[in-house]
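Protein chains in written order, with this note's numbering: chain A, -12 to 209; chain B, -16 to 232.
Source of the hints: derived by calculation from the structure; they are not laboratory data.
On a predicted model such as this, the values are computed, not experimentally measured, just so you know.
One or more hints might be untrue.
Some chain B residues near chain A, calculated using beta-carbon distances under 8 angstroms [unchecked claim]: (1) Ala131; (2) Leu145; (3) Val150; (4) Val151; (5) Ser159; (6) Trp163.
Simulated DEER-style distance windows between Cβ atoms [said to hold, decoys possible]: (7) A:Val28 / B:Pro154: 30 to 36 angstroms; (8) A:Ala187 / B:Gln227: 55 to 61 angstroms; (9) A:Ser74 / B:Arg(-10): 47 to 53 angstroms; (10) A:Leu194 / B:Phe(-11): 28 to 34 angstroms.
The beta carbon of each residue, even a glycine, is placed where N, CA and C say it ideally should be.
The lines below spell out each chain.
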Amino acid sequence: MLQAFSFIIRRELRLALRRKGDVLNVLVFFVVVASLFPLGVGPEPNQLRAMAAGVVWIAALLAAVLSLPRLFAADYADGTLEQMLVSPQPLLVVVLAKAAAHWLLTGLPLALAAPLIGLQYDLPAVALGVLLASLLIGTPVLSLLGAAGAALTLGVRGGGALLGLLVLPLFVPVLVFGAGAVTSTLIGINPSAHLSLLGAFLAVSSLIGPWAACAALRVALD
Amino acid sequence: MTSDLFRFAAPQAFFPLAGKLIPWFWVLAGVLTLAGLYVAFFVAPTDHQQGEAYRIIFIHVPAAWMSMFLYVVMAGWAGLGLALNTRLSGMMASAIAPTGAMFTFVALWSGALWGRPTWGAYWVWDARLTSELVLLFLYLGFIALKSAIPDPVRADRAGAILALVGVVNVPIIYFSVQWWNTLHQGASVSLTRAPSMASTMLLGMLLMALAAWMYSIATALCRVRTIILERERDAEWVRMTKDQMRAAA
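Using the sequences and the hints given, assemble the complete structure.
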């Protein structure tokens, strides 16, 4: 089972490396969105500092939604997903591995790029660290709950916008606690409460997300 | 007894039952609304802080209650359909969703109309308002997902999964939003109402809540009947019912 898990992850990573554009585009999208905000609201440093965490987090949510439709689409189109469903490996392993690979390819790069954006927004060093930590804990939630959304909208017309409508409201707690951790650091409050709650939500969504994704894949491939 | 009740899980048996029940629920909804509005406008006293503007709670609070309650009921039907694979459950969930979304919208709209004279703003990023808005998005997502999938069986199941994920998340969203608001700003505007409420005010609100409940049942039953007819249009019993209705008319 562990073997199948690592095999699927390696397969996903290899496929992504063959088409680097897909991964890079999401990252560039994230940086572009985050860089547009100062142009819209003005370069006043105090204002930018106050909104930095929210901007980074919302850009991360949008980038995740943008990348999610591809999570199952290619394997669904060429029949691989059906083979995975009838294989002796539990579907849950497939879903977990795919979500993990999705995080490695989108969540992790976004988290690592976020401190750079934080610098543009004049965040102090402590806050940069908290921003990185909040993204490292929070972005797996986007992959786990997002997998459920991607499975539900599999093969549905207008899937992209629909996926956003389905999963963005579910991401509200991630946004609140993730951005809240950074904002509370800025006003001198220890962010550990926010980060703990973010971790708790990660635990809950690692139960709900893969379960819902498995059920939805069975419905889609029925 | 139980087998008698389960008989109505079949759309064919439920269709005439719903038809018989609907008028009663409409009558109850109408009577309760009239009684509730009478209490609301003529019996309940004027609030000494908010004046007459507070009377909007007789619409606002029942709508907010129903919006949350209907989401749970909808998720319950959806879960039942997923677990037992009954056709009617998914149809019930579909029938309830638009009413739930409507009440969510009414709660937000009436809240905005009340907020203007009381707080001086149509919209405040208060925890309750924000979570009610997220609830509206959840309803819209459910309806959008169902309407995007042409196959009704697949649509029911996909919608059911979404509703169950949503119902687990609603309390988490509510508490996260509450946490967010209390951290960002002090309670410059608080929704906590006065500690004691005149009993006639409470009576009016309860009457209106019951009326909203009866209205929801009546509309859900009306809607489920049309969904049944739409999905079973090729069934023999639908043709027979149609012939009977034509003969009666």
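These are the hints, each one checked on the structure:
With a cut of 8 angstroms, the hint placing alanine 131 of chain B at the interface with chain A holds, because the nearest CB-to-CB distance is about 5 angstroms. Residue-level restraint check for leucine 145 of chain B holds (minimum Cβ-Cβ distance to chain A is 6 angstroms; threshold 8 angstroms). The interface hint given for valine 150 of chain B is broken, as the beta carbon of that residue sits about 11 angstroms from the closest beta carbon of chain A, more than 8 angstroms. Proximity of valine 151 of chain B to chain A holds as hinted, the smallest CB-CB distance being about 6 angstroms (cut-off 8 angstroms).
At its closest, the beta carbon of serine 159 of chain B sits 4 angstroms from a beta carbon of chain A; the interface hint therefore holds under the 8 angstroms criterion. Interface hint status for tryptophan 163 of chain B: upheld, as the beta-carbon distance to the closest one in chain A is roughly 4 angstroms, under 8 angstroms. Distance hint check for valine 28 of chain A and proline 154 of chain B: the Cβ-Cβ separation is about 33 angstroms, which falls inside the suggested range of 30 to 36 angstroms. Checked against the hint of 55 to 61 angstroms, the C-beta distance between alanine 187 of chain A and glutamine 227 of chain B comes to roughly 58 angstroms, which is consistent with it.
Take serine 74 of chain A and arginine -10 of chain B: their Cβ atoms lie about 41 angstroms apart, and the range 47 to 53 angstroms is violated. Against the hinted window of 28 to 34 angstroms, the Cβ-Cβ separation of leucine 194 of chain A and phenylalanine -11 of chain B comes to about 32 angstroms, which satisfies the hint.
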